[in-house]
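On the provided structure of chain A, position chain B as indicated by the hints.
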Amino acid sequence: MDATYAQEGHRRPLLAAGGIVKRFGGTLALDRADLACFPREIHALHGANGAGKSTMVKILSGIFAPDTGTITLRGQPVSFANPREAASHGIGTVFQELSLFAHMTVAENVMIGREPTGLLGRIASGKLRRDVQILLERLKITHLDPDAMVADLSLADRQLVEIAKALAGDPGVLILDEGTSALAPREVDRLFAILRHLRLEGRAVIFISHRMAEARELVDRVTIFRNGQSVVTAPMQDLDDEAIVEHMLGRRVEQSFERKAGVPPSVTPLLRARGLTVADRIKDLDLTLEAGEVVGLGGREGQGQGDLLLALFGAYRRLGGRIECRGQPIRTGTPWRGKAAGIALIPEDRKVQGLLQPMGILPNLTLATLPRFARHGLINRGQEDALAGNLQDRLAIKAASLRLPVRSLSGGNQQKVVLAKWLATGADIFLFYDPTRGIDVGTKQSFYRLIEELAATGKAVLLYSTETAELVGLCHRVLVMNDGRITAELKGDGLSEAAIIQAGASAGVASPERALH
Amino acid sequence: MILTRYRPALLALIGLPLIIILYWTQQPLILSSFGARILANQGTTLALAAMAQMAVVLTRGVDLSVGAMVGLSNAIAATYMGDSLTSATLTIIAVLLIGTAAGALNGVIVAVGRIQPIIVTLASLYIYGGLALLVLPEPGGSVPDWFATGLTDSTGPVPNGLIFLLAVIFLVWLPIMSSRLGRSIYAVGDNEGAAYVSGLNVVRAKIVAYAMSGLLAALAGLFLTAQTTSGDATIGSGYTLNSVAAVVFGGVPLMGGRGVVLGPVLAAYFLSIIVSVLFAAGISPFYQSVVQGGLLIIVLAAGSYRALSSPNWLQVLRA
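Protein chains in written order, with UniProt numbering: chain A, 1 to 517; chain B, 1 to 319.
Worth flagging that the hints you see were computed from the coordinates, not collected in a lab.
A quick note: this is a predicted structure, and the numbers were derived from the prediction, not measured.
Be aware that a few hints might be false.
To be verified - Calculated Cβ distances over 10 angstroms to all of chain A for the following chain B residues:
id : residue
1  : 82
2  : 201
3  : 314
Stated by the list, open to error - Cβ pair distances, simulated, as ranges:
id : chain 1 : residue 1 : chain 2 : residue 2 : range
4  : B       : 175       : A       : 241       : 55 to 65 angstroms
5  : B       : 275       : A       : 401       : 24 to 34 angstroms
6  : A       : 126       : B       : 156       : 30 to 40 angstroms
7  : B       : 6         : A       : 326       : 51 to 61 angstroms
8  : B       : 175       : A       : 279       : 42 to 52 angstroms
9  : B       : 283       : A       : 407       : 51 to 61 angstroms
10 : B       : 254       : A       : 23        : 31 to 41 angstroms
11 : B       : 21        : A       : 81        : 52 to 62 angstroms
12 : B       : 113       : A       : 65        : 38 to 48 angstroms
13 : A       : 125       : B       : 166       : 14 to 24 angstroms
14 : B       : 114       : A       : 32        : 30 to 40 angstroms
15 : A       : 196       : B       : 166       : 46 to 56 angstroms
16 : B       : 10        : A       : 456       : 53 to 63 angstroms
What the hints assert, rightly or not - Chain A stretches covered by chain B per the calculated footprint, using a threshold of three residues with CB under 8 angstroms from any CB of chain B:
id : stretch
17 : 116-126
18 : 311-323
We put the CB at the ideal spot given by N, CA and C, even for glycine.
This is chain A alone, in the form it adopts within the complex (with noise of 0.2 angstroms):
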């Protein structure tokens, strides 16, 4: 007999995908693996960046087709040729990226396409929002107003909005993407009620979050991912955590980091920040960054990390407190000052705010420092390319040629790209906004290296990461923040992964001073 079908008794899996293939131009998303959800299951779905998870989601959405491969749903084998179709089958899902509309309402949003209507097809919109009330009630999500703009809500309403809008079509599979990453603990306590409920149902809810701990007693199965590959399915109360990140990365996990020294407080560090106030983003925020220090925030996404990096580096206007650089007050406004004060941005999304796409990697390189080799407005090509060689050599570009357009590099290397027109400037102080997502491990583990390096020759860094791995073994202290605010430092030995966790996820009920010690 079967040795999986002994395993799982009688039972037959709801959901199934079975050698799944999708391959994206030269890389391998998927590479024939496997995923299958039981009635009454809650199925977490682990792996590291870039493992497939979400490729996986998107095929049993309806919204890639697979290469190769099948999807059973109750056995019997199905195709989606769009979301529409696997929407019809029972499956709804909450997706990483949110999939809603500003400018409708709360309301109009849960029951977009399945809205109820009446004479001649005219919505009900009395109905619609008496329906969406009870169904929010239902939740327990009640504090959200079915009339209120989604453009308004906040980033955890927003993902509220998008679980209550997969569930308004009743689904027999619910598939969460990372749509809980800014719900308070409240609200993820409550979430787990409701797909504790759903389970009971008799549905299948397929679970993908980084916060392995908090789902851990909510789970019954998990399956790991890595580099494409199914690796390890398995009830939930055999694998611990250690094992699961092990399979995640497919090592034990060494620390592949050594334990950084702390950097001595000066009396006039590199950066110091006092009283920054971003109106309801920041408030008032101080912080300082010595020489030769590289300092992390953490906290769940969307606490104002972002936006400190931008304001310190002068994307916001009339910003609030004082910023000094090297001991003198800098004036603060517009990016030019930032980079005259020798702040470096690596931004969030390199494609639109970091590189010009379908320019040369050359004229990507040397964008910031173009005056310098410049006289009476036109470039000097000869010291352009000797500028732009000697950045390629230093960070390990590879390209064939530096005329190739920079999309034609893989994302790590678009990313040194920007690296290396910040160092071109001179620039001090550099701040990396989650300057590894989406980026292979190879490449991650010489960005590491880089930034070790730009600490060692006496720079200052602000690192943001979403991976709380690399605060812990990147930065010598680690700022969390909550709603705009720092709400606890760890460094030494009270710096661990699972203290950012925590600082990250239960600052919202401590005190600030409670946090702080």
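Below, chain B without anything else, positioned relative to chain A:
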């Protein structure tokens, strides 16, 4: 909530009475039944063209062929209506079908071919313009009296042109826009990716929006024919840009996904009355477009005030 939705139309809602009062101080006659008829006849063609433009703008597109379709419909109608009820009726039906089909074709090319709306409709602009000249090389043609008076006379104190416009709004626009299909048109303009992953039929929504645009432009052409009682293949050229102006003035952002039909309709009347006001005030017609352009810039600047006042440069630049 309703108020939030109608707020963008506020400018046109306030501007129209003001301009009418201004006009009234010059020409007291306009607040009579006769004056109302003049105003309605002047503005209804542009109001219909503005609705045609709005249907496409809602999907985050733009339709440069609106004016050319107005001209083509005008040329066909004036050429083929003749004097008999049968020929006139058949011509009207043909014009509406041609408009709808041509619009739908634009929609198919945009939605399935994934070509930018501005390019597709620029090409159709040329095609419709050429076809209109083939149909009616020289201005001329004629329309039956009952058709002309039926659309441009008054019923009691109410201008027929206004009744016609309201009929189009209540029988064509609102039924479609308040259905799921209409909701999906708004959704596509708001966030096309979200519309797709939410299981909406993005292609169908776009095709319907462009088909509506063609139908409404054809209706505008028919009304124009009744008003001028003749045909001119090139008469529509001004309506494309004026329809865009009315749409923007009426609070429908070119980014799509938002806006109520009231705004562009009122704005269309506003823009057509301004021409008369300037004329009555003895201001050279050459200044008309200067004033119109100036107003448009002021309106646009006011409209993007919120984006421009954002503290985040990245958002300011994106606006």
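Evaluated hints:
A cut-off of 10 angstroms between C-beta atoms confirms that residue 82 of chain B is not in contact with chain A; the least separation is 35 angstroms. With 10 angstroms as the threshold on Cβ separation, the claim that residue 201 of chain B sits away from chain A is violated: the shortest Cβ distance comes to roughly 7 angstroms. For residue 314 of chain B, the requirement that its beta carbon stay farther than 10 angstroms from each beta carbon of chain A is not met, with the minimum near 6 angstroms. Checked against the hint of 55 to 65 angstroms, the pair residue 175 of chain B and residue 241 of chain A passes, with Cβ atoms roughly 57 angstroms apart.
Between residue 275 of chain B and residue 401 of chain A the CB atoms are about 58 angstroms apart, so this pair departs from the stated range of 24 to 34 angstroms. Taken as a hint, the range 30 to 40 angstroms holds for the pair residue 126 of chain A and residue 156 of chain B, whose Cβ atoms sit roughly 35 angstroms apart. For residue 6 of chain B paired with residue 326 of chain A, a C-beta distance near 54 angstroms keeps the hint of 51 to 61 angstroms intact. At roughly 43 angstroms, the beta-carbon separation of residue 175 of chain B and residue 279 of chain A lies within the given 42 to 52 angstroms, and the hint holds.
Our hint of 51 to 61 angstroms for residue 283 of chain B and residue 407 of chain A holds, since their Cβ atoms are close to 53 angstroms apart. Restraint check, residue 254 of chain B to residue 23 of chain A: a C-beta distance of roughly 38 angstroms satisfies the suggested window 31 to 41 angstroms. The hinted range of 52 to 62 angstroms is satisfied by residue 21 of chain B and residue 81 of chain A, whose Cβ atoms lie roughly 57 angstroms apart. A beta carbon spacing of about 21 angstroms between residue 113 of chain B and residue 65 of chain A contradicts the range 38 to 48 angstroms that was offered as a hint.
For the pair residue 125 of chain A and residue 166 of chain B, the beta carbons lie near 22 angstroms from each other, so the given range of 14 to 24 angstroms is met. A C-beta distance of roughly 32 angstroms is found between residue 114 of chain B and residue 32 of chain A, which places it inside the suggested range of 30 to 40 angstroms. Our hint of 46 to 56 angstroms for residue 196 of chain A and residue 166 of chain B holds, since their Cβ atoms are close to 54 angstroms apart. Judged by the Cβ atoms, the range 53 to 63 angstroms given for residue 10 of chain B and residue 456 of chain A holds: they are separated by roughly 60 angstroms.
Coverage of the stretch 116-126 of chain A by chain B holds [criterion: at least 3 residues with CB-CB distance below 8 angstroms; count 5]. A stretch counts as covered by a chain when three or more of its residues have a beta carbon under 8 angstroms from one of that chain; for the stretch 311-323 of chain A and chain B the count is 6, and the coverage holds.
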